[in-house]
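Using the sequences and the hints given, assemble the complete structure.
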Amino acid sequence: DGGITQSPKYLFRKEGQNVTLSCEQNLNHDAMYWYRQDPGQGLRLIYYSQIVNDFQKGDIAEGYSVSREKKESFPLTVTSAQKNPTAFYLCASSIGGGVGLVKTQYFGPGTRLLVL
Amino acid sequence: AQTVTQSQPEMSVQEAETVTLSCTYDTSENNYYLFWYKQPPSRQMILVIRQEAYKQQNATENRFSVNFQKAAKSFSLKISDSQLGDTAMYFCAFSSSGSNDYKLSFGAGTTVTVRA
Numbered sequence: 001d002g003g004i005t006q007s008p009k010y011l012f013r014k015e016g017q018n019v020t021l022s023c024e025q026n027l028n029h030d031a032m033y034w035y036r037q038d039p040g041q042g043l044r045l046i047y048y049s050q051i052v053n054d055f056q057k058g059d060i061a062e063g064y065s066v067s068r069e070k071k072e073s074f075p076l077t078v079t080s081a082q083k084n085p086t087a088f089y090l091c092a093s094s095i096g097g098g099v100g101l102v103k104t105q106y107f108g109p110g111t112r113l114l115v116l
Numbered sequence: 001a002q003t004v005t006q007s008q009p010e011m012s013v014q015e016a017e018t019v020t021l022s023c024t025y026d027t028s029e030n031n032y033y034l035f036w037y038k039q040p041p042s043r044q045m046i047l048v049i050r051q052e053a054y055k056q057q058n059a060t061e062n063r064f065s066v067n068f069q070k071a072a073k074s075f076s077l078k079i080s081d082s083q084l085g086d087t088a089m090y091f092c093a094f095s096s097s098g099s100n101d102y103k104l105s106f107g108a109g110t111t112v113t114v115r116a
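Protein sequences appear in the order of chains A and B.
First residue of the first sequence? That's 1 in our numbering, and the numbers climb one at a time after it.
First residue of the second sequence? That's 1 in our numbering, and the numbers climb one at a time after it.
In case anyone wonders, no lab produced these hints; they're calculated from the structure.
Think of the CB as a built atom: it goes at the ideal place given N, C-alpha and C, for glycine as much as any other residue.
Some hints could be false.
To be verified - To give a feel for the contact side, a few chain A residues facing chain B, derived at Cβ under 7 Å: (1) Ala31; (2) Pro39; (3) Gly42; (4) Leu43; (5) Tyr48; (6) Gly97; (7) Val102; (8) Gln105; (9) Phe107; (10) Gly110.
Claimed, not checked - Straight-line C-alpha distance at most 25 Å; calculated DSS-like pairs for lysine-lysine: (11) Lys71(A) x Lys9(A); (12) Lys55(B) x Lys78(B); (13) Lys103(B) x Lys55(B); (14) Lys55(B) x Lys57(A); (15) Lys70(B) x Lys55(B); (16) Lys71(A) x Lys103(B); (17) Lys70(A) x Lys55(B); (18) Lys103(B) x Lys73(B); (19) Lys70(A) x Lys9(A).
Stated by the list, open to error - Covered stretches of chain B (in silico footprint by chain A; criterion: 3 or more residues with CB under 8 Å from a CB of chain A, positions within the stretch not fixed): (20) 12-24; (21) 51-61.
So this is what it looks like as structure tokens:
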């Protein structure tokens, strides 16, 4: 089955610790995205990647880092610089750019990050 | 950045009845894409329906339909014959149509509860 997987489902972070959230897709999509969702709110874009070895900051990139070494994978690291990391994190993917192409985003099941 | 506004934080509907969710957006572009996503208690974001601004015909997907009013910048979602499984948070989202535009702007969401 084609889809997007995220792991782990729950993640606990200690003070001063970096943690990495995994996102993998087998949809053959060029573009991938990371969003943060706080309780009762919409999604905010952290980072996105249009193609392998390239990524751009979204609206709330501070305290986060990403890499895109493979088309299928787009891991997100929450660094110790992110002072309020408790949230629900969603990964998405879409086709790449092109005139007239709708870049509909499809989402993974999410990772809940909690600070101990 | 485009602004997406969902003015109804919560709505309740009796099973088998119809409910309409409102969404307005702000843009100076002529062509763009609009989406409705559903987030049930599992928190997986699921695409419900999408609309391309250049298409005058309103999109429909089974019991879900939209009323797209381009001049008014309005994009409402109608859920007909509501089912218990429709209970979820619904998000309206906007995307520019440019080949290098990847950002999806979300509204704050509307929580829909379907009563038995």
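key: Earlier hints that do not hold, by number   = 2, 14, 17, 20 and 21
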